[in-house]
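K.L.:
With chain A fixed as given, assemble chains B and C onto it according to the hints.
Residue numbers (full-length UniProt numbering), protein chains in the order written: chain A, 1 to 455; chain B, 1 to 455; chain C, 1 to 455.
Honestly, I wouldn't trust all of these hints.
Which copy is meant is left open, because identical chains are indistinguishable; a pair holds if it fits in one copy or across any two.
[Said to hold, decoys possible] Cross-link-like lysine-lysine pairs, in silico, DSSO-like; alpha carbons within 27 Å at most:
#1 K286 - K338
#2 K138 - K338
#3 K338 - K419
#4 K336 - K419
Keep in mind the hints are simulated off the structure, nothing from the lab.
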Amino acid sequence: MTDADTNLSNLTTLWLLLGAYMVFLMQAGFALLEAGSVRAKNTKNILIKNLMDGCLGALVWYFIGYHLAYGTKDSCTGGSDCNGFVGNGADVLMNKAAELAPLGNAGSGHYYAGWMFQWAFAAAASTIVSGAVAERCKFGAYLAYTAALTGVIYPVVVNWGWSAHGWLSPWTGTEPFLGANGMIDFAGSGIVHMTGGVAALVGAIFLGPRTGRFSPSGECIDMPGHSSVLVALGTFILWFGWYGFNPVSTLAFEYMETAARVAVTTTLGAAAGGVTALSIHYGFTKSLDVGPMCNGILAGLVAITGNCVVIEPWAAALIGAIGAAIYYGFSALLRKLKIDDPLDASSVHGACGAWGVIAAGLFAKQKYVLNDYGAEGGADDYGALYGGGGKQLGNQIAGVLAIIAWVGITSSVLFGVLKYAGMLRVPVEEEEVGLDTSHHGGNAYNFEKELDSKA
Amino acid sequence: MTDADTNLSNLTTLWLLLGAYMVFLMQAGFALLEAGSVRAKNTKNILIKNLMDGCLGALVWYFIGYHLAYGTKDSCTGGSDCNGFVGNGADVLMNKAAELAPLGNAGSGHYYAGWMFQWAFAAAASTIVSGAVAERCKFGAYLAYTAALTGVIYPVVVNWGWSAHGWLSPWTGTEPFLGANGMIDFAGSGIVHMTGGVAALVGAIFLGPRTGRFSPSGECIDMPGHSSVLVALGTFILWFGWYGFNPVSTLAFEYMETAARVAVTTTLGAAAGGVTALSIHYGFTKSLDVGPMCNGILAGLVAITGNCVVIEPWAAALIGAIGAAIYYGFSALLRKLKIDDPLDASSVHGACGAWGVIAAGLFAKQKYVLNDYGAEGGADDYGALYGGGGKQLGNQIAGVLAIIAWVGITSSVLFGVLKYAGMLRVPVEEEEVGLDTSHHGGNAYNFEKELDSKA
Amino acid sequence: MTDADTNLSNLTTLWLLLGAYMVFLMQAGFALLEAGSVRAKNTKNILIKNLMDGCLGALVWYFIGYHLAYGTKDSCTGGSDCNGFVGNGADVLMNKAAELAPLGNAGSGHYYAGWMFQWAFAAAASTIVSGAVAERCKFGAYLAYTAALTGVIYPVVVNWGWSAHGWLSPWTGTEPFLGANGMIDFAGSGIVHMTGGVAALVGAIFLGPRTGRFSPSGECIDMPGHSSVLVALGTFILWFGWYGFNPVSTLAFEYMETAARVAVTTTLGAAAGGVTALSIHYGFTKSLDVGPMCNGILAGLVAITGNCVVIEPWAAALIGAIGAAIYYGFSALLRKLKIDDPLDASSVHGACGAWGVIAAGLFAKQKYVLNDYGAEGGADDYGALYGGGGKQLGNQIAGVLAIIAWVGITSSVLFGVLKYAGMLRVPVEEEEVGLDTSHHGGNAYNFEKELDSKA
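Next comes chain A alone, as it looks inside the complex:
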C-alpha cells in the first residue's frame, strides 16, 4: 500500500473504533432507561443484566457469534461452499478453536475494528430483550437467551442481511438473491432492532404479565418506573450513541459526506419522534410525561436506522413521526392483549424496526440508493413513493417477514423450553419482595435514616 492508502485505511479503522465506542456507550443508555422504567426493588437485577450483555456478549460474540455472522470457509470461492444461511462460521469455528485465537477474518484490513463495531451491535440486540422480560425473569433464563441470541439467532440474521453471502444482503457483489437491491437495512432497523424486539415480544408472552399488572376485570394497572431522571439520561445517551450506530454504518471513511447526511436524517427522525409521541400522549391524557416522550425519540431513532442513508431529510422527520405513532399504538394494542412489556421494547424496537425496513421501500430516493456506494446514476429500483416500483418494497416486506419468522420461531422454542422446564419465571413471592432482595444481595438504594429524617 502507498502511504495515502495506509492513511485512508487507518482513517476507516478510526471511524469504526469511534463508532464502536459510541454504540458501546448505548449499553449504559439502555441500563439507565431500563433501570428508571422498572420499580426500585428490581433495579440491581436490570443493571446486572445490562452489564452482562456487554461482558457475556463480548465473550460469546468473540468465540462463536461473529464467526456465524461473517465467517468464511477457506474453500468458499463462490458456489455452495459459501451458503447464504449461516455463512460458514461453523466450519471457521472448528478450525479456529484449535488455535485459541479465533479471528474469523483476521487477515482482512479492519478485522479488529470491525469486530469491535459488530460486538457493540450484538450487545445492543440482546439488551433489548431484557426490557421486555424485566421484573420477573430468572437469571438462568436470562443467561440462556442472551447466549442464544448473541451466539446464534442474531448472527444468522446478520449473515442474511449484511454478509457477502447472505440471501437478503445487498453486498454480495453480484445480483442479490431477491433481485433489486436485496433488502435495504442500512444500520439495522430490522437486523438489530426488530430481531431484539421480536425476541422481546416472545419472551414477554411466554413469561406472562407481572403480578398485579392486570386487574381481575382485565384492566391494565399503571406500574410506573422509579426514576424519570434515569429514563431521560438513558435516552440522551442512547441518542448520542446512535450517532455511532447510524453514521458509522457507512463502514468506510470515504463515505464521510454520506455519514454527515445520515447524522442529519437521524437527528430529524429522533426529533420528530419525540415531539409526536409527546403530542399524542398529551392528546390522550393531558399530561406531558417523560416516558412516552423518551420512547418516542427512541421510536424515531429505530424507525430511521434502516433507511437513514437512502432518504431525504423531510422524509426522515415523517418516518420518525410515524414511528412514534406506531410505537404508541402497538403499545396500546399489547396492553389490550394483556401482554406486559415493561419497557415497551417490542413496540419501540420490534414494531418500529419493521416500519424502518418498510419505509426504505417507500422513501428511498433513487440517487441515494447504492449511488453513494460507487455505482453511477442511481439504482433501477427505489422508493415506491418516488415511482421506483414495487420490487424494492416487496423485498423489504419479504425481509421483515423472514426475520420475524426466524426470530419468532427460534425464540419461541427457547422460551418455550425454559418455561416448561420451570426455569423461566421467578416464584411470585420473590417477585413481590423484589428481585434485588431475593437474588442480588439487597436493595439498590440505601438512604440512611439520618438522611431521611432531615429530608
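P.N.:
Frame of chain A; chains B and C shown alone:
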C-alpha cells in the same frame, strides 16, 4: 478534487460531526444540572424541557433558524442583497420551502456536518433559558420562547457575529464593518452563552421569584436543589462536551494544532473557575459545597469560550478565575435585587459570557489573532493589555452591548406579551404541589414503601 | 513539512485529543462509582474531591507535574544532564516560570495534545486514592496528597517508565537501563493504576477503618454504598473512557491497526473480569451483586492496561479473569487485616495493576513486542510462557517493586506527617453525622416531604 483534497474535506466533516455529537451531549449535561438544581417535585418538568430543546430545536433550526443565520440569497454576490442583519434567510426560506428540502447551503462541502454542529449550539442557547425560568413557567410559554429563540433571536445574533455578511463578523473576507478584527467571539461566549443568559434574565424578571423564595422581610431563603449527584454529573458532561464546543469551533481540520491549544486553554479556564468559586464560597460560608464549585467550573468555561483561541494558557487560568468571581458576585447581586434565577443561568452564561467577549479585547495575543487563520505576521489590533490598542476592546464592548440590546428587547417583548396574556406563569397552587404532579403525570421518583421501610 | 506530513501530524493530534477527552470523562465515572459506593451522607464530599482532582490536578499538572515527568533541560543532549530519575523538570520549571507560559516541550509537534492526554492520566491516578480514604479524610489532607501525587510522586514514576530518559523506560532510543525491553507497561497498569493503588493503600492504613466497620470481636460489618445505579453507570463510563486510555496510548496515528487490536484485548479483559468476579461472588454468597461485578470489570481493565498491546486476545480474557480473582482475594485479605478501603481501590488498582505489569512478562508475544513500533522481526525478550526467557519477566517484577517502594515510602511520609499533625482524619462526631452535613453545606439529596408522602 484530488484524493488528498477529498481526504482533507472528509476530515473536516469528521471533525465537525464529532464536535456536534459532543455538544449535543451537553443537552444531557444541562438536563442533569438543572434537574439536580431544582426541587424534586419539578424534576420531570425540567427534563421534558431539555428533551424538547433537542427535539423542537432540531425541527425549528432545520426549517427556519439555520436559514436566517447562514442563508444566502442566490442574488447575493456582495452589496445590498447580502445584508448583515438577518442574512438572506427569509428569502432562502421561501424558495426552499417549496422544495420541501430546505438546505440553505446544501451545495457547499460541509453543509450537513456544519448544520449538525450549529444545531447543537442552537439547542444549547435555548436550554440556558430553561434554568432561569424553572419551577414556575407554563409549558406553552416555554414552547413559545424556545421557538422564538431557536427560530429568530439566536439566528440573528449568529448572523451578526459569525456569518460571511454579519456586521460584527470577522469572517466577511473584507475589512469588518467595525474595523480591526470585528468582534472576536471564537466559540460564542457572547453569541451563544450571553444570548441565552440575557434571555434567561429577562425571563426570570418577568416571571418573578418562586413562591417562598424571598421572605416578607425581603431575605432570600435557600431553596436547595434535590440532588448534588445530578449537578456534579451534569457538570462533568458539560465540561466534556465543551471540548466539542471550543476546539471544534476551529471548523476545519487544518487548524488541529490550534484546536489542541484551545483544548488546553479551555481546561485551564474550567479548572481555575472551579477552584476559585469553591474558595470564594468557602471564604464566605466555611462550607465546601458542590453547587458553587460546579457553577464556577461552568463560569470558567463560559468565560473562556469566546477568547480561548487568541490567549495564552496563563491568561486562560486568569480569565476563568475572574469569570468565577463574576458569577459569584452577579448571583449575589440578583438575590439582592430579588430576582430569582434558580440555576444562576444569567450569572453563569450572561455575565460571564459578556466577560468572555471583553476578555478577548484585553488578552488577545498578537500572534494568535487571525494569524492561525492564514494571515501572516499577526493582526494590527489585539489585546489592550499586550499593547494592542483600544480599538479591538472597543469592538468587543460594542458587540456585547448590541447583543444585550437585541436579545433584551426581543425577549422582553416576548415574555411581556406572554405575561400580560396570562400565559407565562403557573397558578400558585400548581407551583406548590409541584409541576410534575400538576402537569407531567406524577412524581419523577417512585421509591416503593417496601424499599423505604428497609432503608 | 509536506501536506501529507502535516495531515498525519494533525491526525495524531486529533487522536490524542479524543483520547484525552475520553480519559477525562473517566473522572465522571470515578465520581459516580465512588459516590454510589459510599453512604449517602458522604456523597457531596466524594463529589467535590473528584471535581477537584480535575481542577486542581490541571493547575498542578500544568505548572509543576508535567515538567518533572517529561521536561528536558536545554543542556540535555544525552549524558548526565538527562538523568533518569526526575527528568530535568525542576530546571525547566525555573526557567519557564519566569515566562509565565510554562510549556515544557512547547516546541514539539504535539505538545498541547500530549499535555491534555497526560493531564487526564494524572487526574485518574490521584482520583484512585480518594476512594480508599473516603468517608473519613479531612479536606486539607486531601488537598495535600492530591497536590503531592499530581505534582511529584506520580510524575517521577511517569519519568521512570515513559520518558525518553527514564531508567525503566523502553523509549530511550538506546538499550534500556535494565536491558531487554525495559519495563513494558503500555498504558500504565503500574505507572498509573498501581501508583494510585499503593498510595490508596497507604492512605487507608494511616487513616484506619471507618467507625463501625469492624465489630469489637473483629468481624467486618457490611457498609453498603447508597446507590447501585451510580456504581453501574460509573463503571460503564469508566469502561468507555478506557478506550481512550488504552488504544490511544499508541500515541501516534500510524499505529491505528495496533490501536484496534488494543481495543479488542481491552474489551475481552473487561468482559472476562466482570463474568469472573460475578461468578466468584455468586459461588461464595449465592448473590449476584452489582458491586463485585463492577469491580471485576474494572479489575480486568486495570490488569489489561499494561500489556494490552503485546498480548493475544485469548490471553486478554485470561489476564482479565485472573485480575478479577486477584481483586477478590486481595479485598478479602484486607478485610482480614482490618484495613478498610471503601472502594477496594487498592485491590482493583494496586493489586491488579501489579498483576498487569507482571502479566506482560508472561504473555507478551514476540511479534507484538516493539515490532509494531518499527523494529523488524520481533524482540529477543518476550513472554516467559511463550519461551521468551526470564529477563523480561524479571524487568517487570523489578519495575513493580521499584514503583511500590517509591510510592509506598513517599506516601507513607506524606500520610504519616498529616496523621501526626492531626490533619488527617475528621473527628468521630463529624464522621457519624456525615461529612456532607459537617463540611459541605448539607445533604446531597433533598427529597421533599410532599414527595415522600406520595411514595
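K.L.:
For every hint, state whether the structure bears it out.
P.N.:
Quick rundown of the hints versus the structure:
1. K286 - K338: within (24 Å within a copy, 34 Å between copies)
2. K138 - K338: Within one copy, since 21 Å is at most 27 Å while 37 Å is not.
3. K338 - K419: Only inside one copy: K338 and K419 sit 18 Å apart there, 46 Å across copies, limit 27 Å.
4. K336 - K419: Result: close within a single copy only, 23 Å intra versus 43 Å inter.
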